[in-house]
Amino acid sequence: MKLVINGQDRSADLGAELAAAAQQRPAGQKPYAMAEAISALRLQAVASEAAYGAELLRLLRYRDNVDTLPFEIPRKRGWLGAATARIKRVLWKVLRYQHDRITNRQNLINHLYSSALECEHRQRAQEIRELQRRLAALEEKLK
Numbered sequence: 747m748k749l750v751i752n753g754q755d756r757s758a759d760l761g762a763e764l765a766a767a768a769q770q771r772p773a774g775q776k777p778y779a780m781a782e783a784i785s786a787l788r789l790q791a792v793a794s795e796a797a798y799g800a801e802l803l804r805l806l807r808y809r810d811n812v813d814t815l816p817f818e819i820p821r822k823r824g825w826l827g828a829a830t831a832r833i834k835r836v837l838w839k840v841l842r843y844q845h846d847r848i849t850n851r852q853n854l855i856n857h858l859y860s861s862a863l864e865c866e867h868r869q870r871a872q873e874i875r876e877l878q879r880r881l882a883a884l885e886e887k888l889k
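Residue numbering for the sequence shown follows the working numbering, beginning at 747 and increasing consecutively.
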């Protein structure tokens with residue numbers, strides 16, 4: 747494994763540490779993966795600014811929601827790590843209602859912003875179509 751950070755080869759000092767950390771991870775555990783259809787990497791493939799704007803708005807609608815779904819709490823090894831993880835799980839259960847209230851408000855704000863952007867995008871597209879129609883009519887009169 748070759749590890750380059752900021753143009754410097756750091757394989758010697760960080761490589762062994764990263765390899766050891768990777769060995770400690772459970773074999774069946776997969777990292778969080780975003781579905782390709784809603785990945786922001788799709789923005790790299792668009793051909794024009796108009797397509798970029800349309801794709802960005804489509805992705806924004808999928809991604810404007812904050813959730814408080816249960817998740818795996820990472821823990822350190824040993825009894826201290828297990829105790830800390832247990833405390834974190836209990837605190838999450840006790841305080842989850844507060845998180846739900848906050849995320850509900852944030853979701854409302856995110857949804858309003860997404861809707862405002864979509865509305866502005868539609869309005870601009872309508873204005874462009876109207877201007878194109880008027881320009882075509884003027885060009886037809888000049889012929």
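Check the hints yourself; a few may be wrong.
[Stated by the list, open to error] In silico DSS-like cross-links for lysine-lysine, where the CA-CA straight-line distance does not exceed 30 angstroms: (1) 822 - 834; (2) 839 - 822; (3) 822 - 748.
[To be verified] Label pairs and their in silico Cβ distance ranges: (4) 843 - 880: 49 to 59 angstroms; (5) 879 - 753: 52 to 62 angstroms; (6) 831 - 783: 44 to 54 angstroms; (7) 800 - 888: 11 to 21 angstroms; (8) 796 - 826: 28 to 38 angstroms; (9) 767 - 828: 12 to 22 angstroms; (10) 871 - 760: 43 to 53 angstroms; (11) 796 - 825: 54 to 64 angstroms.
The set of hints was computed from the structure by calculation and includes no laboratory data. Note that the Cβ used here is the ideal one computed from N, Cα and C, for glycine as well.
Status of the hints after comparison with the structure:
1. 822 - 834: holds, 12 angstroms
2. 839 - 822: holds, 20 angstroms
3. 822 - 748: holds, 27 angstroms
4. 843 - 880: 49 to 59 angstroms: At 56 angstroms between Cβs, range holds.
5. 879 - 753: 52 to 62 angstroms: At roughly 54 angstroms between Cβ atoms, residue 753 and residue 879 fall inside 52 to 62 angstroms, so the hint holds.
6. 831 - 783: 44 to 54 angstroms: Taking Cβ atoms as reference, residue 831 and residue 783 lie about 34 angstroms apart, which means the hint is violated.
7. 800 - 888: 11 to 21 angstroms: violated, 33 angstroms
8. 796 - 826: 28 to 38 angstroms: violated, 56 angstroms
9. 767 - 828: 12 to 22 angstroms: holds, 18 angstroms
10. 871 - 760: 43 to 53 angstroms: Holds, at about 49 angstroms.
11. 796 - 825: 54 to 64 angstroms: holds, 59 angstroms
Hint check: violations occur at hints 6, 7 and 8; the rest are consistent with the structure.
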